[in-house]
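Colleague: Residue numbers (the working numbering), protein chains in the order written: chain A, 5 to 513; chain B, 941 to 1253.
No lab work stands behind these hints, which were simulated from the structure alone.
Remember, predicted model here, so these are calculated numbers, not experimental data.
Treat the hints with care, as some may be off.
Unchecked claim - Calculated lysine-lysine pairs in the DSS-like style (CA-CA distance at most 27 Å, straight line):
hint, chain 1, residue 1, chain 2, residue 2
1, B, K1105, A, K119
2, B, K1105, A, K94
3, A, K349, B, K1250
4, A, K113, B, K1182
Unchecked claim - The following label-pair restraints were derived from C-beta to C-beta distances:
hint, chain 1, residue 1, chain 2, residue 2, range
5, B, I945, A, L176, 56 to 64 Å
6, A, R390, B, V1023, 53 to 61 Å
7, B, F1028, A, D326, 53 to 61 Å
8, B, K1105, A, D138, 15 to 23 Å
9, B, F1028, A, E74, 28 to 36 Å
10, B, V1023, A, E74, 28 to 36 Å
11, B, V1023, A, D138, 39 to 47 Å
12, B, G1126, A, G377, 24 to 32 Å
We put the beta carbon where it would ideally sit given N, CA and C, even for glycine.
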Amino acid sequence: MADYAIEMLNITKRFPGIIANDNITLQLKKGEIHALLGENGAGKSTLMSVLFGLYQPEEGEIHKDGRKVEINNPNDADALGIGMVHQHFKLVECFSVLDNIILGVETTKGGILQKDEARKKVLALSEKYGFQVDPGALIEDITVGMQQRTEILKMLYRDNEILIFDEPTAVLTPQEIQELMTIMKNLAAEGKSILFITHKLAEIMQVADRCSVLRKGKYIGTVDIKDTTPEKLSAMMVGRDVNFVVEKKPVKPGKVILDVQNMTVASKRHKNNAVNGVSLNVREGEIVCIAGIDGNGQTEFVYGLTGLEPLKEGKITLHGEDITQMPIRKRSVNGMSHIPEDRHKHGLVLDYSLENNIVLQRYFEPQFTNKFGFLKKKEIREYANRLIEQYDVRSGQGPITKARSMSGGNQQKAIIAREVDKNPELLVAVQPTRGLDVGAIEYIHKQLVAQRDAGKGVLLVSLELDEVMNVSDRILVMYEGEIVGEFDPKKVTVEELGLYMAGSKRKGA
Amino acid sequence: MLLLIQYTLIFASVLLLVALGGCFSEHSGVINIGLEGIMVMGALGGALMMKYLPDGTPAVAVILMVIVASVLLGILFSLLLGVAAIQFKADQTLVGTALNLLGTAAAVVIVRAINMAENPDNVSTTVSYMKEKEAFLMKIGKFEFNWFMLIALILLIVAYVVLYKTRFGLRLCACGEHPQAADSVGINVYKMRYAGVIISGALGGLGGVVYITAGVSEWKFENGVAGFGFLALAVMIFGQWKPINIGLAALLFGLFRALSNVYTGFDFLMKLNIPGTLYNMFPYIISLVVLIFVSKKSRAPKAEGIPYDKGQR
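Same shape as in the complex, but just chain A (with noise of 0.2 Å):
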């Protein structure tokens, strides 16, 4: 029985209309990695927040080796050994590394901060790990990857014997998430057990011992990853097979939607150009994708062509006219849509209701507004029904529910009915699928294939090669501002690509 460190047996939390946890049973080995997977809204976050104390249960009971134990806050957890590293970091941007890993937990002396000693236990973890941190560094200074270091030195620093993962390669470059993932193997050898909430199929087949699954709050089972595959696993999590090949016709492109010549973007970082004298072209019913690694002019092409930054030079034609010097709701108004890539910063308000987020765009026509400027409700009301049946929105309250308290996944589902019902003539959809599960991401890349079929222009911007190869029916590189390649998906290799997105080859584009 001593085996497990921690036991959540038979936990059901239910909340109005809802039972978020149905009877859910998890078991954690010592000195194991144990993946929990999910689709988003599965009951995981609920799940740790009764772990930590954040909900009380209704029904079930958590043992600690084996005993028995109540957990009525995070303090609780905190000295039954637990700790967490959230998706969201919990750090305080002015302050130190030091700072942040101490707070809480300080030593001190007639009332004074003593840090020496803390600062020596902090390098010799930092060491033992090989974590590279530097102690006196601000936060705000520092890499995300770094800021994720600090989060487990905190809990390291606290002792803690179970550590707990909350998506934690979402925000991180392929490099740091392989240095994450031998961190994570190096803390299980050393005897902690880990739990690491997930829904990155690749991840957990390459860290992971075993794995569970929720699905809609419920239980659904648990495995070794070593008898699995991730179609297995994702057939467990969705409650379906998912194709992880999407289907779509052969390209029949049209004539030409939009044509980009020559744009040129200031940057806001340094003194060159985010964008270099990029010329480029979508065309009817197909799908042209934008891949390169993060950070290459992609998001300040996308900013040029949608308006939010006005160009140093260039031209961009969309359907024959010249929309350069356009406004944005202009550009919206004639044919263009766009699903931003930061969806909290320009895709909702978050404050707002979901109807309200899905009217966004159209509210000034005149079947949301009277010819007195005041806003029609109802017919709101019903065009917001309409979509969230339509596009599957979930949310806790309907039309009326703030877009904050959405899942992420439902809040894009929300941008992609706005964006999609209005009819564009070009979709510009810029990393549609960040940190989605696998039932959304199908789910989206139907939707932008659909409307590929369905005689639209689409221009997507990813920085997953996965997506890339699958979705696109033309792909051209991004490297330092510039297009230094353009491919057709099936006569190219991921290598390849890779290669270009590196910088290491160019074609004369």
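Got chain A sorted already, so can you dock chain B onto it with the hints?
Modeller: Frame of chain A; chain B shown alone:
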């Protein structure tokens, strides 16, 4: 010249005390725009204490009692902000504004009631404390040393140590920067914010009584504290929420405020023939100019002004 230094120091002490109060409140995450009202209340407490203390009370006792009265009233009044903003998550700017209106109004009502009870014909809002005030002063040659100058300096050092060297300070700042982070490591954000507000009430109240005893020996409560609470906020921002910088900023603003009291003593200033009212306006004009230039770069505590709600993502 000596007079200028004397006035600069005493006005700087006022601004320093009140700005430090604001600094603690804001580092905990609560904007305290009600410092003006808190100052009035502290001043009222101090003035009434001086009025009612029997003649012949030893100087030390006068100082202590006046401090206790102003601090207590300041704290009590600031708790209105605490309860509304922390407990009931009200908009901090609105509550602060309400405190300002309430502070002066309440002081007027109270003082007038007291005056009329003593003499039905006396409807003024003035409290005088000519003799009691002497307790704060000590002549060093021609220089009139005020004990509050020393107290302000000591509190500056204490504030620095508390904010940067103690567990309390570290936790307080965490609550103003990232309350969710503080909460996640077991710090009670609500308690810390109350602590910040209470400290600002104490220092604001103390600053109030220092202000009304600086240079004058009676105070007309209709005037409130003439915008000094807001000036202290400007000092706090100019000092970038850091005690030592706040000290320097207070000196600068104190100097300009002092000029309006003593400019007649300088021949070259008299020769310029600038109207006296302009000198009175100086500190406020300076604060406008300074804030225009500083506010772009300024770094307020990140989470200030946002009521902390455990449930929000």
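Colleague: Against each hint, give a clear statement of whether it holds in the structure.
Modeller: Here's how the hints hold up against the structure:
Only pairs whose Cα atoms come within 27 Å are accepted, and K1105/B paired with K119/A is accepted, the gap being roughly 10 Å. Among the hinted pairs, K1105/B with K94/A is consistent with the structure: their alpha-carbon atoms are about 22 Å apart, no more than 27 Å. With a C-alpha separation of about 23 Å, the suggested pair K349/A and K1250/B falls inside the 27 Å cut-off, and the hint holds. Under the criterion of a C-alpha separation no larger than 27 Å, the hint pairing K113/A with K1182/B is consistent with the structure, at around 24 Å.
At roughly 59 Å, the beta-carbon separation of I945/B and L176/A lies within the given 56 to 64 Å, and the hint holds. With their beta carbons about 46 Å apart, R390/A and V1023/B fall outside the hinted range of 53 to 61 Å. As the Cβ distance of F1028/B to D326/A is approximately 55 Å, the hint placing it in 53 to 61 Å holds. Between K1105/B and D138/A the beta carbons are some 21 Å apart, a value that agrees with the proposed interval 15 to 23 Å.
As the Cβ distance of F1028/B to E74/A is approximately 31 Å, the hint placing it in 28 to 36 Å holds. Judged by the Cβ atoms, the range 28 to 36 Å given for V1023/B and E74/A holds: they are separated by roughly 32 Å. Remark: the range hint 39 to 47 Å for V1023/B to D138/A is upheld by a beta-carbon distance near 42 Å. Between G1126/B and G377/A the CB atoms are about 51 Å apart, so this pair departs from the stated range of 24 to 32 Å.
Hint compliance for this structure: hints 6, 12 are broken, all remaining hints hold.
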